Amino acid sequence: HMKIMVGYNEFDPKGQIEAAVIEHARAFNARVYLVNSIEIGEDVPKENFDRAEKNLEKGKSFFLKQGIECETILLESGLTISEDILKFAQDNKMNEIIIGVRSRSKLGKLIFGSIAQHTILNSSCPVLCVNQE
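So for the sequence shown, this note's numbering puts the first residue at 14; every next one is plus one.
Source of the hints: derived by calculation from the structure; they are not laboratory data.
No false leads were slipped in.
Listed next, the in silico DSSO-like pairs over lysine-lysine satisfying Cα-Cα at most 27 Å (straight line):
#1 K67 / K16
#2 K100 / K67
#3 K71 / K16
#4 K100 / K71
#5 K16 / K27
#6 K71 / K106
#7 K73 / K59
#8 K106 / K67
If you're wondering where the values come from, they're calculated on a predicted model, not measured in any experiment.
Can you build the whole structure from these sequences, using the hints too?
See the structure below:
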């Protein structure tokens, strides 16, 4: 079974990420792991945690309805988001990572956000970047 990890934040049934996940999961008969990383600490509002969990659950039920095997993981650590994602991918032997990118400027089209950049440059498996504009 191929394993696809998705850096998952905001659920959107008509989103580009969701479309890419469906396409890849079906093409490779893959199991999908929706992963969100959340900062822990006393000053982090509980709503952040609740919102992250809610988005993961919405995503999971959406993909299950599409006939795609899916698990959700909410990582809570002191690591950066991309370190969290990369560690999970390596520890769980993911075959592919799918992440969303947004570019807000002409320069941004070359240099995505630091999370995407760090993930791409340090990943042990292929990374598919999906434009979320």
